[in-house]
Amino acid sequence: MFGFSRAQTIAFGVMLVLIVVSPYVLYPVFLMRVLCAALFACAFNLMIGYVGLLSFGHAAFFGMGSYVAAWTMKVWHVDASIAILFGAMTGAFLGFFLGYLAIRRSGIYFAMITLALAQMVYFFCLEAPFTGGEDGIQQVPRGFMFGVIDLSNDMTMYWVVASVFVAGFLLVHRIIHSPFGQILKGIRENEPRATSLGYRTDDYKLIAFVLSCMIAGAAGGTKALVFGIATLTDVHYSTSGEVVLVTLLGGLGTVFGPAMGALVVTSMENYLAQFGAWVTVTQGVIFMICVLAFRRGIIGEIGAFFKISL
Amino acid sequence: MIMIFGIPGPLLFGQLLLGLINGAFYAMLSLGLAVIFGMLNIINFAHGALFMMGAFASWMLLDYAGIGYFPALILAPLLVGAFGILLEKTIISRLYKLDHLYGLLLTFGLSLVIEGLFRNAYGSSGLPYRIPAILQGAMNLGFMYMPIYRGWVVLAAVVICFSTWAIIEKTTLGATLRAATENAPLVQAFGVNVPRLITLTYGGGVALAAFAGVLAAPIYSVNPNMGTNFINTVFAVVVIGGMGSILGSIVTGFALGVVEGLCKVFYPQASATVVFVVMVIVLLTRPRGLFGKAA
Numbered sequence: 001m002f003g004f005s006r007a008q009t010i011a012f013g014v015m016l017v018l019i020v021v022s023p024y025v026l027y028p029v030f031l032m033r034v035l036c037a038a039l040f041a042c043a044f045n046l047m048i049g050y051v052g053l054l055s056f057g058h059a060a061f062f063g064m065g066s067y068v069a070a071w072t073m074k075v076w077h078v079d080a081s082i083a084i085l086f087g088a089m090t091g092a093f094l095g096f097f098l099g100y101l102a103i104r105r106s107g108i109y110f111a112m113i114t115l116a117l118a119q120m121v122y123f124f125c126l127e128a129p130f131t132g133g134e135d136g137i138q139q140v141p142r143g144f145m146f147g148v149i150d151l152s153n154d155m156t157m158y159w160v161v162a163s164v165f166v167a168g169f170l171l172v173h174r175i176i177h178s179p180f181g182q183i184l185k186g187i188r189e190n191e192p193r194a195t196s197l198g199y200r201t202d203d204y205k206l207i208a209f210v211l212s213c214m215i216a217g218a219a220g221g222t223k224a225l226v227f228g229i230a231t232l233t234d235v236h237y238s239t240s241g242e243v244v245l246v247t248l249l250g251g252l253g254t255v256f257g258p259a260m261g262a263l264v265v266t267s268m269e270n271y272l273a274q275f276g277a278w279v280t281v282t283q284g285v286i287f288m289i290c291v292l293a294f295r296r297g298i299i300g301e302i303g304a305f306f307k308i309s310l
Numbered sequence: 001m002i003m004i005f006g007i008p009g010p011l012l013f014g015q016l017l018l019g020l021i022n023g024a025f026y027a028m029l030s031l032g033l034a035v036i037f038g039m040l041n042i043i044n045f046a047h048g049a050l051f052m053m054g055a056f057a058s059w060m061l062l063d064y065a066g067i068g069y070f071p072a073l074i075l076a077p078l079l080v081g082a083f084g085i086l087l088e089k090t091i092i093s094r095l096y097k098l099d100h101l102y103g104l105l106l107t108f109g110l111s112l113v114i115e116g117l118f119r120n121a122y123g124s125s126g127l128p129y130r131i132p133a134i135l136q137g138a139m140n141l142g143f144m145y146m147p148i149y150r151g152w153v154v155l156a157a158v159v160i161c162f163s164t165w166a167i168i169e170k171t172t173l174g175a176t177l178r179a180a181t182e183n184a185p186l187v188q189a190f191g192v193n194v195p196r197l198i199t200l201t202y203g204g205g206v207a208l209a210a211f212a213g214v215l216a217a218p219i220y221s222v223n224p225n226m227g228t229n230f231i232n233t234v235f236a237v238v239v240i241g242g243m244g245s246i247l248g249s250i251v252t253g254f255a256l257g258v259v260e261g262l263c264k265v266f267y268p269q270a271s272a273t274v275v276f277v278v279m280v281i282v283l284l285t286r287p288r289g290l291f292g293k294a295a
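Chains as they are written, first to last, in the numbering used here: chain A, 1 to 310; chain B, 1 to 295.
Source of the hints: derived by calculation from the structure; they are not laboratory data.
Ideal placement from N, C-alpha and C gives every residue a C-beta, glycine not left out.
It is possible that part of the hints are untrue.
Said to hold, decoys possible - Partial list, derived from the structure: chain B residues whose beta carbon lies under 10 Å from chain A:
hint	residue
1	L110
2	A236
3	M243
4	T273
5	M279
6	R288
7	L290
Stated by the list, open to error - Under the rule of at most 27 Å between Cα atoms (straight-line distance), these lysine-lysine pairs were calculated in the DSS-like manner:
hint	chain 1	residue 1	chain 2	residue 2
8	B	K89	A	K307
9	B	K97	A	K185
10	A	K74	A	K185
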């Protein structure tokens, strides 16, 4: 139903089993961070992998989603599901306006424009009163999901985050394998030809961008809920760079790459956190190795080895 | 006291000068980006980090070797430019056959490595660099007091920008460079060593960034993040100007610095975002950029 191939169905099954088993083995809060990063990377991968546009400003949508979810939880005391929904809507809304500007150019200019627009969002968040400036929005209560599920327990929260991730993952996969997704791939391969076939390519790119930003906003909202905090780091351009790294390492345009990349990068940050700026250096080195020698990424290489598409 | 639009003259001129200085850095950095992009088809994301290295090089020359500001103004760009040539030879040259985006990703990774290493070695609090004695003090221009060093920065930037322009537009070397940008295989067929030309272009662009870094050292404290703070705005400047013309990058850089300075006087809340707002307006009205050629 989601257009999985045989190999992908098996891989999806393995991923589900890992998601179910791992909280009994590993620290759930760490796993929730991985899942949020993975969902964010899936959203980003929708643009780079299937539309061929590199957005260097996805932190804007992730971060604003995080801020709005945190704010609605803390000030309006809404249900957790509504807060995540608000986060997603914020991402989509912002994505529509910024995307409308950015898709006027492609390639390298698209990357620079998204970076610059995200920087504008960053300065807005620095100045705007509702974000709390340098302090961010802190001590956001986790509250209840659907009014009944108490999220203060880490395990309960974990199952909610896992459900959000799987839903987002399947949504991205469904988008890619819909007729709409086929047209996106057509635009990526040969835009003039898609235009000559009568498709308004700019509209397709914009819709894809809005969908991607919506999922990024949902990831940001979920993250704010898990950690009870939304800060300037979420909108900072280093977060944009990180999601590029996660997707590149996992494998651009692969189905399972973003999740794999998120697992590796988040673990690395977790273990290197005590060494200060070495995290940045390691990230940079991974970037360079990926670009120079490892452009298919982890999942891409595994797929190439077994001659299957993952 | 002179009042202009209800603003005291000295305040207005002071901010204009600050804007002109920022504009000088925007111009030098976006010029280097444009030159490198023209030749290598790579957006050099590491430009900010190399700018920072220029500032650090001048600080190290003074601190470890006792070499002063003026020799550093020549030595630091040479050192960092040589480092750039090494980078191009060993790493960047492997990417020419790939999608341009890989160049962006590689140089982004490079900037993370460089900044991370400097942050490990020197912390992120910033190191002081004294203004050389001859450029200290202020000059009375009649309508305002101008700190001599700031005037010097604007002057040096204008001279270096226009020299770069003259080299590219008016010399034989520049003509070969422009020809290679248009059609590299053809120029190679005439016996020009195009790979070496590409290496030199990258080294030159990097040296330009390092020169800007030395100029910036006494104004901003020398710290590992100083390049990143600039480079994001410089990308917006590049989008506004378009990368088609050398003169365009220079003019756009200075003009946007002045706009930013004026914004600090009349509406300070928006001064951090005004460049991006200009970019939005340009994208809506002239998506190719003010000086961009139709691709």
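Evaluated hints:
{"no.": "1", "hint": "L110", "verdict": "holds, 6 Å"}
{"no.": "2", "hint": "A236", "verdict": "holds, 4 Å"}
{"no.": "3", "hint": "M243", "verdict": "holds, 9 Å"}
{"no.": "4", "hint": "T273", "verdict": "holds, 5 Å"}
{"no.": "5", "hint": "M279", "verdict": "holds, 6 Å"}
{"no.": "6", "hint": "R288", "verdict": "holds, 8 Å"}
{"no.": "7", "hint": "L290", "verdict": "violated, 14 Å"}
{"no.": "8", "hint": "B/K89 to A/K307", "verdict": "violated, 34 Å"}
{"no.": "9", "hint": "B/K97 to A/K185", "verdict": "holds, 22 Å"}
{"no.": "10", "hint": "A/K74 to A/K185", "verdict": "violated, 41 Å"}
In terms of the numbered hints stated before, the structure departs from hints 7, 8 and 10, listed from lowest to highest.
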